[in-house]
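First to last, the protein sequences are chains A and B.
For what it's worth, this note's numbering labels the leading residue of the first sequence as 1, then goes sequentially.
For what it's worth, this note's numbering labels the leading residue of the second sequence as 1, then goes sequentially.
Quick caveat, the hints were computed from the structure, so don't treat them as lab data.
Listed below are several chain A residues computed to face chain B (Cβ distance under 7 Å; list not exhaustive):
id, residue
1, E21
2, A67
3, G88
4, A132
5, A322
6, R332
7, V383
Selected chain B positions facing chain A (Cβ under 10 Å, derived; list incomplete):
id, residue
8, N63
9, L78
10, A82
11, S83
12, C101
This one's a predicted model, so the numbers in the text were calculated from it and none came from an experiment.
The beta-carbon is built from N, C-alpha and C at its ideal position, and this holds for glycine as well.
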Amino acid sequence: MNIIEKLRDIVGERASASPAERLCYSSDASQVRGTPDCVVRPLSTAEVSSVVELAAAEGVPVTARGAGTGLAGGAVPLRGGIVLDLSGMDRIVELDLSNLAVVVEPGVVQARLNERLRPRGFFFPPDPGSAAFCTIGGLIANNGSGMRSVKYGTTRNYVLDLEVVLADGSVVRTGSRTLKAAAGYDLTRLFIGSEGTLGIITQAVLRVAPLPKARRLVIAAFDSAEEAGRTVAATFAAGIVPSACEILDRTTVAVLRRCDPTLRLPDGDVLLFEVDGSEGAAAEAAAEIAALSSTTAASVAVVAGAEEMEEIWAARRLVGAAISRLDPAKSRIYVGEDVGVPIKEIPALIREVSEISDRFGIPAMKYGHIGDGNLHVALFIDVLDDGEWARLAGAADAIHRAAIRLGGTVSSEHGIGAARSEYMNEQLGSSALSVMRAIKGALDPRGIMNPGKLGLDDGPSPGGYG
Amino acid sequence: MIEMRREVEDSRSGTETKTETKETKVETAEISIDPRTIELCVRCGTCRSVCPAFEVLGWESKNTRGRVMVAKALGEGLAPDASVLDSLNTCTTCGICAAKCPAGANPPAIVQSARMGLVSQGVMTEAQAGFRTRIAESGNTFGEGGDRLGWLSDPDREGLKESSDLVYFVGCLDSYRYPEVAKKTFDLLKRFGATLLPEEVCCGSPLIRTGSDAGKFVDRNLRQIKMIGAKTVITGCAGCYSTLKKDYPPEFEVVSVPEFLAEHLAELDLRRLDLTVTYHDPCHLGRGSGIFDPPREVIKAICRLEEMRSNRQDARCCGGGGGVRAGYPDLSLEIAKLRLQDVPAGVDAIVSCCPLCIRNLSDASSEVEVIDLVDLVERAIVPP
Chain A
1 MNIIEKLRDI
11 VGERASASPA
21 ERLCYSSDAS
31 QVRGTPDCVV
41 RPLSTAEVSS
51 VVELAAAEGV
61 PVTARGAGTG
71 LAGGAVPLRG
81 GIVLDLSGMD
91 RIVELDLSNL
101 AVVVEPGVVQ
111 ARLNERLRPR
121 GFFFPPDPGS
131 AAFCTIGGLI
141 ANNGSGMRSV
151 KYGTTRNYVL
161 DLEVVLADGS
171 VVRTGSRTLK
181 AAAGYDLTRL
191 FIGSEGTLGI
201 ITQAVLRVAP
211 LPKARRLVIA
221 AFDSAEEAGR
231 TVAATFAAGI
241 VPSACEILDR
251 TTVAVLRRCD
261 PTLRLPDGDV
271 LLFEVDGSEG
281 AAAEAAAEIA
291 ALSSTTAASV
301 AVVAGAEEME
311 EIWAARRLVG
321 AAISRLDPAK
331 SRIYVGEDVG
341 VPIKEIPALI
351 REVSEISDRF
361 GIPAMKYGHI
371 GDGNLHVALF
381 IDVLDDGEWA
391 RLAGAADAIH
401 RAAIRLGGTV
411 SSEHGIGAAR
421 SEYMNEQLGS
431 SALSVMRAIK
441 GALDPRGIMN
451 PGKLGLDDGP
461 SPGGYG
Chain B
1 MIEMRREVED
11 SRSGTETKTE
21 TKETKVETAE
31 ISIDPRTIEL
41 CVRCGTCRSV
51 CPAFEVLGWE
61 SKNTRGRVMV
71 AKALGEGLAP
81 DASVLDSLNT
91 CTTCGICAAK
101 CPAGANPPAI
111 VQSARMGLVS
121 QGVMTEAQAG
131 FRTRIAESGN
141 TFGEGGDRLG
151 WLSDPDREGL
161 KESSDLVYFV
171 GCLDSYRYPE
181 VAKKTFDLLK
191 RFGATLLPEE
201 VCCGSPLIRT
211 GSDAGKFVDR
221 NLRQIKMIGA
231 KTVITGCAGC
241 YSTLKKDYPP
251 EFEVVSVPEF
261 LAEHLAELDL
271 RRLDLTVTYH
281 DPCHLGRGSG
291 IFDPPREVIK
301 AICRLEEMRS
311 NRQDARCCGG
321 GGGVRAGYPD
331 LSLEIAKLRL
341 QDVPAGVDAI
351 VSCCPLCIRN
361 LSDASSEVEV
371 IDLVDLVERA
381 IVPP
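Same shape as in the complex, but just chain A (with noise of 0.2 Å):
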């Protein structure tokens, strides 16, 4: 009996190794490609382990899969074997409000999770720009976060505790339903941004926070995308914490208007600080901010409306896919997009970014996360041009070096995958990888989850983009 055949006795239809799955689950959003022999959709915790226990049996390698929206490869099946598509596994298990937690199943969508829990005042801070379709097991497995990570923190900061299946098919709890617990190792945060190569998670308790009952949003616009970022150094240092503060440069703006003529958004480069809390805290760091930015920016506005506030978010939130708009013989490539530096450097990865782009002549859009640090840079090509794709590959290589030389990350929360593995020695040192590499050794000593990812084996990489 061949594989396929074992895995429809275990999951019965939702197994496929049709040419048509087999080549829509070979990449994600990223350029990585690696084609699976089966793609298999679970739709429980017996299931997933059931299949892991015949990948291990078989020697068959495992990649787990949400909503297929990472930007570096990580569901990509690099070596082939079984993915795991846990999307259908979307269930939101429990509401338990009173010790604010939530029980879900790795495919809920982070935004029907939101959607359940705002009439009853809550919701679930990590908000990515694929907010409406990105699943939860897909952000924990990345600690992916978004726009209010400045104040929120990221994913890692609301798991309480993980079902997780691992590399022999064995299932595990991982920690408790307490907000805190001094209990040996940390085992969740050890599978938060493991993307698949430790285990695969098939529940989650999720710590929630109240929403605030005011926003307000101050945009601030500049005459340089740098003066932006020594704008966001003072206010840090001024000791206002905004709950999001985002960068958009002069080109992102030109792209959201062309999207949606009607949003008001100022010429230059633009600053979108976010304050919440109760109605006269919100009002009152609007204000302080608005007062800062002012000596150096040349217009302020604070907008109250809460319906042109979550447009303008809306907006934002997709803009990194919208560079087409602007000239249809461009296309965003999603390489060297998600590099963060300490906060005080910004102004300087602003710069250098600026001069990659220009040495290399791959323009770029400069947006993202600027209040922690990340910096999304969306470079873009005509992507029928061969010339155009080596430039491109030496313009990411040359934004993921300058990030690490300041004391930044290559990821900042899009995850390592394959994309990005070839920069986990120089940013982590050998020494920090080979603990890694040792934790994986004793996990999954076969090496049969997500394998070429991290920078964790010596496997062959995609060494290359397109």
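Since the structure of chain A is already known, use the hints to place chain B on it.
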């Protein structure tokens, strides 16, 4: 132009639908999809949150992003087996993916081009082949042999004008499945001088949507429209409207029945009815053609309107279009059931302006009556 040179394999995995490939051998052929339209898709996954077929089926190949990957791969040598055909043909062409795509891609156009490329090589599902055969043999989508104007009364038939500024294009569905709607519509329109095409045939929509050429049928209808001297063609079917508007030469104005009725509300002498209805936006009339307000104006002139949970630009598909009702009836009904979940509680009827939507929503066991806008208008007309 991407050159494709493949053999078709029937490597069905056993997990897909009942569709079978019709032909078995493909020689060299071309799929004419501009690569730039494909490269606009950056695989961000936004479409996962809106594609109605994906919501039911859950496989990546049955989502917009997957279909664009499939279309691209066909140009690069992917063999068009059954799983490939299922991927492309489970798209209802509802267009909500295009409306939501941040990159501005137009996936339904890519899907239609890919279907056309395969059909031109003889690679198609039984349902696609069925449309071709039935329409070629009978001139209508059902293969009906009966009189297309069978619903027309003898006096009306005898009184049909041979020339007029206005023509009512009935469509296959109203001609053969909802003849009473055809009659009610013509009763309204003839007051304004409308006539009919003496030998109307299918507008071509099912052929175009499923990847076949409809030129012969376009020509036959066009010849009659010109013979009558019509400046305006009115239709009550969203699919016909979209096709007449976008796939016929721009030699006449195309007006939908709701637009016409809204423009002539004052002349219709309608009375108020003590009803609350909701309105289902047909994809090809609403999102596809921007006709959102006229049907609502007509409804509000008659009774109360309560909107569906998703409406206008965001309205979910009924599941009937793009050849899905014929090719994947189970999927089609599941999509319709999801759409019915958007119906507000307590309404007396679901009103729409497309017989395909009405038929699909009715077949999905709607607890609420699904009626054409013209049915509602007819109830509100004060008897002379």
